[in-house]
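S.K.: Each chain, letter by letter, is given below.
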Amino acid sequence: MRNAIALIVILSGTWLLLSGHTSPLLLSLGLVSVAAIVACAARLELLDEEGVPVGLLPGLLRYGPWLVIQIIRSNLDVAKRIVNPKLPIHPTVIHVDATDHTEVGRVTYANSITLTPGTISLDVSEDAIEVHALTEEAANDLMSGEMGRRVQRTERP
Amino acid sequence: MSGLTDLLSMALLGIGTLFLLIGATGLLRLPDVFTRLHGASVTDTLGAGAILLGLALAAGWGLLMGKILALLLIMALLGPSTAHALARAATHGFRKPWLHETDKAEK
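Those protein sequence lines, which keep their order, are chains A and B.
Under our numbering, think of the first position of the first sequence as 1, with each following residue one higher.
Under our numbering, think of the first position of the second sequence as 1, with each following residue one higher.
Check before you lean on any hint, since a few could be wrong.
[Claimed, not checked] Below 20 Å or equal to it, Euclidean Cα-Cα: the simulated EDC-like pairs (lysine to aspartate or glutamate) are:
#1 Lys86/A with Asp6/B
#2 Lys96/B with Glu146/A
#3 Lys96/B with Asp141/A
#4 Lys80/A with Asp32/B
#5 Lys96/B with Glu103/A
#6 Lys86/A with Glu137/A
#7 Lys86/A with Asp123/A
Please keep in mind that the hints were generated in silico from the structure rather than gathered at the bench.
Remember, predicted model here, so these are calculated numbers, not experimental data.
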C-alpha cells in the first residue's frame, strides 16, 4: 500500500513536471493514466521493495551529497591525468568484496563505482564486484572500503 | 535575472565545456577500450552535469528548471548503466585490459 501511494505521488509529480498543464480536462486525463499504470503495476506484482524502493530514499538522501563530492574529486584527478603530457595512468583490475550487501545494495555500489571517474565495474557476481581502475590510487581508494560501508548504511537505515 | 546568477550560469557552462573537451581528449589519448571509458565518464558526469546546472540557473525558477534538474537525475542513472554495459560487453568479448604491469614486463 505504501509503495502504491509512493508510485502515485512520483508519477503524478513527473506528469505535472513534464506537461505543465493545469486545466481540469488534462489533469483528469493525467490522473486516469496514473491510475491505469499503478493498476497494471499492481497486477504485475511490481509494487514490492525492488520495484518501488521507497525505503531506500532517506539513506540515498544522505549518501547522494557524499557521492557528488567523490565524483567531483575523482573527475579532477582523471582530467589532470588526461591533460598531463606524460599520461600517468596505471590501469589495474581488482575485485571488491560485496558479500555483506543486499541485491539493491550491490547495484547501488556497482553504479556508484562506475559513476565515479577512474573506476568502472566490469562484472557483478554474488559476492564481489570486478573493477577496472585507471590508477593505483583510485584502486586503493576503493579497496579501503569507505564507499562500501556508506552504501551499507544506505541500504539498511 | 540578476547579474550574479548570470555570471554563475556562464561560469558553469564554461567549466562544463572545458570538461567535455578534456573528456574528448581522453578518448583520443588513452590506450584501450577500458581506459577510454574512464575518459568518457568525465564528459558524462562533470561535463554534462555542469552544463545542465548552468542551463538550470539560466532558466530561472520555474517548470523549465525542474525539467532540466530531472534530466540531470536521468543522466546520473543512465551514465553508469551504459558505461557498465560497454565494459561488460568488452570483457565478454575477450578484450584483455591493457595493464600497467604487463606493459612493464614487455619492455
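S.K.: Each hint should be assessed against the structure and marked as holding or not.
M.R.: Here is how each hint holds up against the structure:
1. Taking the CA atoms of Lys86/A and Asp6/B, the gap is near 38 Å; set against the 20 Å cutoff, the hint is violated.
2. Taking the CA atoms of Lys96/B and Glu146/A, the gap is near 28 Å; set against the 20 Å cutoff, the hint is violated.
3. Between the alpha carbons of Lys96/B and Asp141/A the distance comes to roughly 23 Å, so the proposed pair goes past 20 Å and is violated.
4. The hinted pair formed by Lys80/A and Asp32/B meets the criterion: a straight-line CA distance of about 19 Å does not exceed 20 Å.
5. A threshold of 20 Å between alpha carbons decides the hint, and for Lys96/B with Glu103/A the separation of about 28 Å lies outside it, so the pair is violated.
6. With a C-alpha separation of about 17 Å, the suggested pair Lys86/A and Glu137/A falls inside the 20 Å cut-off, and the hint holds.
7. Restraint check: the Cα-Cα separation between Lys86/A and Asp123/A comes to about 30 Å, which exceeds 20 Å; the hinted pair is violated.
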